[in-house]
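Here the structure of chain P is known, so what remains is to put chain G in place on it, guided by the hints.
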Amino acid sequence: MLQEESDLSLIIAQIVQKLKGSNLYSQLERQAWASLQRPEIKLESLKEDIKEFFKISGWEKKLQNAVYSELSVFPLPSHPAAPPEHLKEPLVYMRKAQGSWEKRILKSLNSMCTELSIPLARKRPVGEQKELLNKWNEMGTDEPDLSLFRPVYAPKDFLEVLINLRNPNYENGDSLSFRTHLGLIQVPLKVKDIPELKECFVELGLNIGQLGIDDSTQVPPELFENEHVRIGQKEQDSAAAQQYIRQGSPTALRAELWALILNISSQPEDVLYYEQLKTNVIQHDLLVDSLIYKDVKLTASNDDYYFVFEDYLYQVLLCFSRDTSVLSHFAFNSASPPKSYIRGKLGLEEYAVFYPPNGVIPFHGFSMYVAPLCFLYHEPSKLYQIFREMYVRFFFRLHSISSHPSGIVSLCLLFETLLQTYLPQLFYHLREIGAQPLRISFKWMVRAFSGYLATDQLLLLWDRILGYNSLEILAVLAAAVFAFRAVNLMEVTSLAAAEAVLADLSTLKVMPLLQIFLFATVT
Amino acid sequence: MSRVLVPCHVKGSVALQVGDVRTSQGRPGVLVIDVTFPSVAPFELQEITFKNYYTAFLSIRVRQYTSAHTPAKWVTCLRDYCLMPDPHSEEGAQEYVSLFKHQMLCDMARISELRLILRQPSPLWLSFTVEELQIYQQGPKSPSVTFPKWLSHPVPCEQPALLREMWALTEMIRASHTSARIGRFDVDGCYDLNLLSYT
Chain P
28 MLQEESDLSL
38 IIAQIVQKLK
48 GSNLYSQLER
58 QAWASLQRPE
68 IKLESLKEDI
78 KEFFKISGWE
88 KKLQNAVYSE
98 LSVFPLPSHP
108 AAPPEHLKEP
118 LVYMRKAQGS
128 WEKRILKSLN
138 SMCTELSIPL
148 ARKRPVGEQK
158 ELLNKWNEMG
168 TDEPDLSLFR
178 PVYAPKDFLE
188 VLINLRNPNY
198 ENGDSLSFRT
208 HLGLIQVPLK
218 VKDIPELKEC
228 FVELGLNIGQ
238 LGIDDSTQVP
248 PELFENEHVR
258 IGQKEQDSAA
268 AQQYIRQGSP
278 TALRAELWAL
288 ILNISSQPED
298 VLYYEQLKTN
308 VIQHDLLVDS
318 LIYKDVKLTA
328 SNDDYYFVFE
338 DYLYQVLLCF
348 SRDTSVLSHF
358 AFNSASPPKS
368 YIRGKLGLEE
378 YAVFYPPNGV
388 IPFHGFSMYV
398 APLCFLYHEP
408 SKLYQIFREM
418 YVRFFFRLHS
428 ISSHPSGIVS
438 LCLLFETLLQ
448 TYLPQLFYHL
458 REIGAQPLRI
468 SFKWMVRAFS
478 GYLATDQLLL
488 LWDRILGYNS
498 LEILAVLAAA
508 VFAFRAVNLM
518 EVTSLAAAEA
528 VLADLSTLKV
538 MPLLQIFLFA
548 TVT
Chain G
37 MSRVLVPCHV
47 KGSVALQVGD
57 VRTSQGRPGV
67 LVIDVTFPSV
77 APFELQEITF
87 KNYYTAFLSI
97 RVRQYTSAHT
107 PAKWVTCLRD
117 YCLMPDPHSE
127 EGAQEYVSLF
137 KHQMLCDMAR
147 ISELRLILRQ
157 PSPLWLSFTV
167 EELQIYQQGP
177 KSPSVTFPKW
187 LSHPVPCEQP
197 ALLREMWALT
207 EMIRASHTSA
217 RIGRFDVDGC
227 YDLNLLSYT
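Taken in order, these protein sequences are the chains called P and G. Start counting at 1 in the first sequence, then tack on 27, and there's your number in my numbering. Start counting at 1 in the second sequence, then tack on 36, and there's your number in my numbering.
Bound-form chain G, shown alone:
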């Protein structure tokens, strides 16, 4: 199913913390990131992808229009989704993640705003966030397909079905290329080298 990137504006993250940020010793364990869609009408969200950076749990709330005339309401669509199975260790800390419509708690129609609530309960990490956030909506349903060459040259009907199938198979195999290596390490028989390069 194809998808279309929705241009969004990601606001800076806000730490939720009790007390004065400057003087308090501990680190905030909760961050909130707001995502707005200034130039797009309310849409149906298909997929969210991002790169994790040491966030342990993710909740998502969306502002949704339930019907044309009522004002939009905030709904929780994902609750405490675990990104790091052990918040104190590196597992899952820098992984790429995709979240789909079918994983959400509510339907994702007519979204106007998104709020990501990040939690990292472990005090070991200096900071945490999510990066490269991208939101997708459903794309148009008819993808263009390039038909293989042999279909456009139909085999004459006198040939029996078996031979037709065999012929089609051989054409397909010939058309596909393999990833096997050739094995040459030199360039035209020459392997006279400079020093190793550092880049």
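One chain only, chain P, in its complex shape:
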């Protein structure tokens, strides 16, 4: 059909345009020129011979992986009449809500700035720069006075905004009727029900081997684990690796597999880029840095599993704030980067800049997105690249208001709908005692369960996020946790008691919970 062909050529043109600016393009060019020396390349069939050479030497695979990566990250080209904000977020009222939320954050940051009389950004004097360079690998030993700083917002503030989200064209009557949402989220987004989730997460089924279940000590490894590991070791293709990891990744292969799926290969240019970011950190001191310090000290440093990685966290997050390549993801993120002007040049567009340079203002708990990755990657520039890619693919959706199926609003609604449909008694009971389930599970989902689950379980969960390229599994796990502790929860009589029942998730095994909830619950 004409329409599909023209859509396809538009997608191809967009991907070619993006890849032209990448390292891979120049590498392929160099390889093509170098290959002219080879005897099997004949002048008459130059194009075909070079293509054949690329196929044999593995360069075609690298190109395939790069194209697959672009397809996974960037949304399909939208209708030609659609303005750019439509790609960020199609629903007008959600765009408005995101805009007002952002304004509140900016006001909060500005008032912190004026109250504490600290500039948003300043150039470090040379002495301070030298000192920081010396201390770069042990920034955790620094004990700056952060008592006056407070996080810009916490997940519970964000939850209040989501609770108040309303569609002006929707029947939001006061009287209870079939159309009232009994949970906290009041917008009618489309979410999947269990039959649809079963179809979507078919590889988590009862008759399919899983790491996290079928690698336990009671199960002989010949049944599943050995074969699964063997297949994983040979994998070179991003799309195949993504399919493979739906059944979990062996611990030894996880770092490689995640890098393959996210299409991260540490080239000298990438290390150089990271060093450049490090130089930017050393030269300029940002107010956001203090927020990062405070967040790491409050969250990761207090965590039994992650406190050892404190220095890595600073090295990644401080550089992340300076990385302008992150700005490109705002094309499909409903959020927009905060803007400012060089002092004295207010209103002049040539002096308009983004603050922080990457446009992302960290909130309380932000450093927990990085902490689990420290178990897998020890080289700072690779750790940095993996985190950045995870952020622009997944994590940004957890703290911006959008109608995307993996956005936090849809996840909250999915959680509430699953609980209401499959555990109606529990839902009703919790609602009656004033303990709306979302108030407890929201913090788990916003942090993608980081800091709440044991690390090996968390990594098994994040395997599936990568495998299915969606965050919906977070909502399903949240509902599964409630289902698991349902008996205890039915006996509580207050929100505090319900919180206590669900305070400690560190003993939970993620994959059995998911499997039982999706495939073994009687509906």
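Warning: the hint list may mix true and false statements.
As the list claims (entries may be wrong) - Calculated lysine-lysine pairs in the DSSO-like style (CA-CA distance at most 27 Å, straight line): (1) K183(P) / K321(P); (2) K137(G) / K217(P); (3) K115(P) / K87(G); (4) K409(P) / K45(P); (5) K157(P) / K305(P); (6) K536(P) / K115(P); (7) K324(P) / K470(P); (8) K69(P) / K82(P); (9) K261(P) / K88(P); (10) K536(P) / K470(P); (11) K87(G) / K219(P); (12) K123(P) / K87(G).
Rather than coming from a laboratory, the hints here were simulated on the basis of the structure. Every value quoted in this text rests on a predicted model; they were computed, and no experiment measured them.
What follows is chain G alone, placed relative to chain P:
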């Protein structure tokens, strides 16, 4: 294929409802929008684009002249086209849509009037309509093409074909620009900022 916008006059939507609009409790689930083309002769319709606003199903009828002398007749060219897969939820509710000639049930020649019949069976929405309606007819067939510079400076014929191709390739690559960012966040080394701006 190029297209030309046809100026049209979109009349206000009329709700189809049984009973008195003011006193009845329910909302009309069907709206009709008439589109006329006062200053244009009957034309061949190529494309319709619009922005949806909570309409679930769309039918289109056109008034068409089958031949020069018979009076125009109303023909249904699109029946119950689904814009929202689930009328109770937000999916597809504010999307931009294009409908083309080849999706229609009849041929779209000699159209003089258009009637859009919008249906929204769900009682959850306060109102529904389609916005930014634009009708296009086929444009002239010969688009102007700007030839790349290197074609106007032909390579002398002595060079072998391979080198010619390589040279053309390098010229093309040089001419195209990439979308790679430079990475500077400051302005001339200065990043001394005012407060954040709200606009």
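Could you tell me which of the hints above the structure violates, numbers in ascending order? 2, 6
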